[in-house]
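Participant: Sequence:
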Amino acid sequence: MEIETIKLERIKDFDLAHIFECGQCFRWNPSEDGESYVGMSGDYAGKASFNQEKGELVLEVTGGDRKFWSNYFDLNTNYSLIKETLLYSEPKIEDAIEYGKGIRILNQDKFETLISFIISQNNNIPRIKKCIESICRNYGENLGEVFGEERFAFPDPERLSKATVEELMALKLGYRSKYIVASTKKYMEEGCPANYDEVLAYPGVGPKVANCIMLFGLHDVEAFPIDTWVKQIMKDMYGFEDKDVRGMSEFASKRFGEYAGYAQQYLFYYYRDRK
DNA sequence: CGGCAGGCGGTTA
DNA sequence: TAACCGCCTGCC
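For reference, each letter of the first sequence is one residue, going 4 to 278 in the numbering used here.
Calculated from the structure, these hints are not laboratory results. Hints should not be assumed to be uniformly reliable.
Now the in silico label distances, taken between C-beta atoms and shown as ranges [claimed, not checked]:
no., residue 1, residue 2, range
1, Lys-95, Thr-167, 47 to 55 Å
2, Leu-203, Lys-57, 13 to 21 Å
3, Asn-125, Ala-204, 15 to 23 Å
4, Thr-88, Glu-152, 40 to 48 Å
Calculated lysine-lysine pairs in the PhoX-like style (CA-CA distance at most 25 Å, straight line) [to be verified]:
no., residue 1, residue 2
5, Lys-104, Lys-57
6, Lys-104, Lys-246
7, Lys-257, Lys-211
8, Lys-188, Lys-211
9, Lys-70, Lys-95
10, Lys-113, Lys-57
11, Lys-57, Lys-10
12, Lys-95, Lys-188
13, Lys-257, Lys-238
14, Lys-238, Lys-95
15, Lys-175, Lys-211
We put the CB at the ideal spot given by N, CA and C, even for glycine.
Take the sequences, apply the hints, and build the full model.
Facilitator: What follows is the structure, encoded as structure tokens:
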């Protein structure tokens, strides 16, 4: 597999650890030497290194042009403005923003995001990653050895539709297996969901997962996923009851408005790491 | 061993 | 429409 290098410059508000550890994606991991992150975006493998002083992102990739990767890392969005705006409407978010100041909300593949977050329900990150890799290894295109190991693309709907519930159970996907099979079928038949209600209509997708798919898959940055961590945050910061998800959601919409999704990421990343 | 981890779907009252 | 509960698996 041929590797090409793409250099993107004059980048602010960017930190690979913040981006890849804030829970929005599952296929990037730190390299052995800790100098970079290696993973997949769609059908392409990549190795990303960022020089904070120079504001320079160096990508070694198996495909995708500057435009693709620039869009993937959301480099055309002004995060300084987003942070200023959030800080103005909610000064209490300052520490969280400082802690995760390099977060960017990636532009990820929609189908992959749908399936990945169905897997994420009632699950933990190491196992989510293992499940997804297992799916790629069994149903995705083999790219051969890249950056020291054999790498596989996430299967497109066509490929994943070959999977049966029994096979997925054998891959330890658990009770989510039937959701994956049914959701893949639905996606094949109906095409990509375009709004919250359409996403919510997928098997194995409830309010939390639907909001993750809206935010990370459809890049609807007003979406505010409320998981156990965010519940804890809303309780600590604003005194919400655990069960009052509706109240939290309405509050987030009022307080953070069109940038609720960014606020969720800063808060989530900050609070999860403090525990 | 029970409890839990980035919940959901089905059933009940 | 709110509350409860079972669920695959892995790790504490």
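Participant: Which earlier hints turn out false for this structure, listed by number in ascending order?
Facilitator: Hints 2, 6, 9, 10 and 12 are the ones this structure does not satisfy, whereas the remaining hints hold.
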